[in-house]
Amino acid sequence: MTDSKYFTTTKKGEIFELKAELNSDKKEKKKEAVKKVIASMTVGKDVSALFPDVVNCMQTDNLELKKLVYLYLMNYAKSQPDMAIMAVNTFVKDCEDPNPLIRALAVRTMGCIRVDKITEYLCEPLRKCLKDEDPYVRKTAAVCVAKLHDINAQLVEDQGFLDTLKDLISDSNPMVVANAVAALSEIAESHPSSNLLDLNPQSINKLLTALNECTEWGQIFILDCLANYMPKDDREAQSICERVTPRLSHANSAVVLSAVKVLMKFMEMLSKDLDYYGTLLKKLAPPLVTLLSAEPELQYVALRNINLIVQKRPEILKHEMKVFFVKYNDPIYVKLEKLDIMIRLASQANIAQVLAELKEYATEVDVDFVRKAVRAIGRCAIKVEQSAERCVSTLLDLIQTKVNYVVQEAIVVIKDIFRKYPNKYESVIATLCENLDSLDEPEARAAMIWIVGEYAERIDNADELLESFLEGFHDESTQVQLQLLTAIVKLFLKKPTETQELVQQVLSLATQDSDNPDLRDRGYIYWRLLSTDPVAAKEVVLAEKPLISEETDLIEPTLLDELICYIGTLASVYHKPPSAFVEGSRGVVHKSLPPRTGSSESAESPDAAPAGVQPSEQPAVIPTQGDLLGDLLNLDLGPPVSGPPIAASSVQMGAVDLLGGGLDSLMGGTGFAAPSTVVPANLGAPLGSGLGDLFDLTGGVGTLSGSYVAPKSVWLPAMKAKGLEISGTFSRQVGSISMDLLLTNKALQVMSDFAIQFNRNSFGLAPAAPLQVHTPLAPNQSVEISLPLNTVGSVMKMDPLNNLQVAVKNNIDVFYFSTLYPLHILFVEDGKMERQMFLATWKDIPNENEAQFQIKECPLSADAVSNKLQGSNIFTIAKRNVEGQDMLYQSLKLTNGIWVLAELRIQPGNSSFTLSLKCRAPEVSQHIYQAYETILKN
Amino acid sequence: MIHSLFLINCSGDIFLEKHWKSVVSQSVCDYFFEAQEKAVDVENVPPVISTPHHYLISIYRDKIFFVSVIQTEVPPLFVIEFLHRVADTFQDYFGECSETAIKDNVVIVYELLEEMLDNGFPLATESNILKELIKPPTILRSVVNSITGSSNVGETLPTGQLSNIPWRRAGVKYTNNEAYFDVIEEIDAIIDKSGSTVFAEIQGVIDSCIKLSGMPDLSLSFMNPRLLDDVSFHPCIRFKRWESERVLSFIPPDGNFRLISYRVSSQNLVAIPVYVKHMISFKENSSSGRFDVTIGPKQNMGKTVEGVVMTVHMPKAVLNMNLTASQGSYTFDPVTKVLTWDVGKITPQKLPNLKGIVNLQSGAPKPEENPSLNIQFKIQQLAISGLKVNRLDMYGEKYKPFKGVKYLTKAGKFQVRT
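Just so you know, the sequences run in chain order A and B. Take the first sequence: its letters are residues 1 to 938, numbered as in my numbering. Take the second sequence: its letters are residues 1 to 418, numbered as in my numbering.
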């Protein structure tokens, strides 16, 4: 007897019949009836009319019947909320049942009923179940918190369930721990800012212990959670790695990939000369390869991830090329991924094998795959120079097959090969020309035309060939038209005598008969060039082209690093960060790989280590024990430049400053406070500043460029840096940022060979010139230096936002320190917004991005404030007087293009201001406020 | 986590849906159907599809698509592994994982799905535990149930759920205590035109059938454990013992399970047991071609190669084939263009051969592609990697179990290019 009998009910009075059966006295009949109801439900029939009758069956000691009724309830409670209340009593009673299975079942089911009235009743039983003596009940209750949070987040917070859940991470039972982690992770996803999973070495240790004992699914949750942890040093990273490695041998591929993620991430912190690092690399290869023998769906996800891994660490799989060879009956999505990885792994050592394979693939049936294979041959040629010749001959063989799409792809890639290795393989042009007629795809036609134009002098009948294309000029796609235009101009410049007519024809076609503005513009440019100055035209059109880069379609390194943190997730399948596609991405926290710590020097200077975090003090010294600053240490710091000093020693600077300062004080006479003169530490201002100020003056703008500069403070105390003391400050003068440093030698030996480098930071600050200290620094001598900065360095979000990590090298050692730069050095000069624009933007930015601050004890008038701020590139756009209060509306722009809008409320007679800031990147608000505070109070 | 599951058959009917959170409308599957249409072949439907509000992650098993709906960032492998586990469980419960079997047992299916996942988190996926919670249907039980009125849902807390060995149920009793191990190795290989090996590796598994009473603690050791350097273990295996002594030490689940799977990839260890001589050619400007294939044994360590079947996807232009087989029988399906030759056993004295004429559609151009030959075979009592079990010891129980080891070598994805 099977369940299909439940579907064969008579059509008439079906519901009526079921109703009668549900109310039958016989247990067995009742159960059969509920089964029939469930069966109807599964196929989408509406049996909600039977709600009261089914709920009546709930009070039973028969577990199967109970479960069936629960199934029904979960499905229909939402549509019948009032009826669902009838079930509450039974639920509450069941939560007290002596049998833990029943208790768990009750709390589990209640959580699935998404009806507000029921959730109210759920809180008390849930609280009890979270502390139940039976772990089975506790682990069920943990998941129930996540369910409840999904329905009513506020309720969960008010009831303190989150804290109880956090306590469960320390539970004695591994399954409870795993479920608590899973529930917290899910809740955290909708609350990215909350610090729900607060990981510390103790909790990590508990998780690692639970990892060994819980189910495979629990292991995935725990591993994914571990991956978010940031170990404090390389030793901790290594010990976590050691305890995670056994997971690589798990039969469940999701466990394996999650373990790979943890290892790939923490490996970043391990020094490469460590033995363990090599061992780990070796251990990673087999499990990744094993994933490829699984079902095709698993293979696909694995391959997408391997694609990331081989880009980040190609050494892991460099000997495993063969496992990526394509089998003819692989699904197409697996084939294409394998091909991609094959090219990434191609090297001189294995290129012969790879090429033989690719050639084989080029004769397969699937057109998409064949095309990609042909393209892959071209990419091999470009990537592995030694193989280029072989690749070209393989492509020629393929062209001989005369299969249309193969020929076209081949021509497209041969064009790329020509661009990479000019003047090397032109002998094949003749063969290419034979296939001219068969080309019907725009990309291939354009490629062929490019080749003809580029090598016109070697092709006897180049003019004929191009002319043949010209016949159907208007039917060609834009790509081909543009290419044809350029090619004919090239031809004309190379063989001016025979092709005059041709070039005129194409120019008139492009300029007069075409509607395409791109084509027309290009046509006109050529025309003018040719008619005014043929020599210049030759220089422009026949200029040497830059070689194309080696590796195409690599993922950009910062994105790659972020994606490595997302191994195994959807992000890794799409090769996009979650913020790019996850709904409600507002809350997605960007993840980044941990910086590398530890190296051969790690044993050295242990006393410096604890100085790591000193939140209150500005100049925090980073432990010197390793290359914490990423690859800073593989210093490409150039040797000190010799030659005449440009703007270095304090003696010379004095003269410059005289000029700058003098002008500034002139200005100051008119009543403005001229910031740069007030500040004593301005000695290192760059040469241009004075002149710049002069220009500003004559321009009549009357603004003060050069914002407030704080006095120098000690960044690197001498005792932390073997006698080198560095103090400094930041300044901004006429659009250029500089870091003004005072280096003092407090050691007993002479210091020389100074160099400086910054770690990646939030705004991409980087030295614009090398640090130039020209005379060696004798003991007890100081030197002042102004180091010009730019903001084109690489960007990484720091915490706090304005943190800057710096490495300074001299002949003694390398030292690290970090400092906080005031944000106002980043306010650019064109930060004044149009009024209309301001209004629109203010409205456009959502209210939750608004932040309010109080600026206390600042006895300035509105105008004084406005002037003072303008000096630091905060521009007042409008001023209003509302009920005796002055309202200033201001805008400023950061170097990275972020606009900040401000409303400053000033009450006469009250020295406190209210500052409201609106910005699309609200995390900067706090720092902008600090900038306001500094500028106004100095 | 996993939000909903839809089961869809080949003709595109959604025949079962289950939601673990709020209900997601069936219409979400339209995105899947769209992708299916694009893919032409059922096997080529991409496993991860994004839709405006959800992600669809699917697997294709036994002519059924298991399509799961997820809403947040979830590891896709996690979902895929879980879906395969669902399919495995159906197979285990109903003997087959088919639309009919699922429809026939729809209530059990529902009970199972409810038990396997809670709010999208996997709950109980071990077959030992599930079987304690929900009894699999048997003809006898349904008869007994309908007479006595007892149910097929367990009344007690499954004991394995919380112990440190969640995979084993308690109180196992057998009158005959037996432990069988099947060492099964599959050779995946690509052989090129000239007969040399492009790629070869062995995918091995040890499947066990353990019917032992109580809580036996087993140790399985090998003559040559060094072969196993890339291994995936069942959770029951103590990893530390393996690391230090190269011994598999474990308390087994009850019944059938996969103890380990392993991969042997170093080329010199992978012996190729058959060779194929082939001649497939199409004449230019004529509507026929020649086909001649011979299969012979090679390096089979004195064992017989049997169960040999060759399948070939012939080019589209092939109309039909007129062949003669010296042994076995062949069929050619003119619709799918698949040639199947069931060879049977290979006797070295008389090598099986299949040859004849290939008829092409008149006027069609000469096919460009060369068909690959897909070969299946079996060799009994041989593990081609040379892996050998040394001994099995049992601790913790007093009785003497009956032990057995079987070896089998098969072709996995074994392809010969022509």
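Rather than coming from a laboratory, the hints here were simulated on the basis of the structure. Careful: at least some of the hints might be erroneous.
If you want the footprint, here are the derived chain A segments under chain B, 3+ residues with CB under 8 Å [to be verified]:
(1) 63-71
(2) 113-127
(3) 136-146
(4) 296-302
(5) 320-333
(6) 477-485
Glycine is no exception: its CB is placed at the ideal position from the N, C-alpha and C atoms.
Status of the hints after comparison with the structure:
1. 63-71: holds (count 6)
2. 113-127: It is violated, with 1 qualifying residues against the three required.
3. 136-146: holds (count 5)
4. 296-302: holds (count 6)
5. 320-333: holds (count 9)
6. 477-485: Coverage by chain B is violated here, the residue count being 0 at a Cβ distance below 8 Å.
Checked against the numbered hints above, the structure violates hints 2, 6; every other hint is satisfied.
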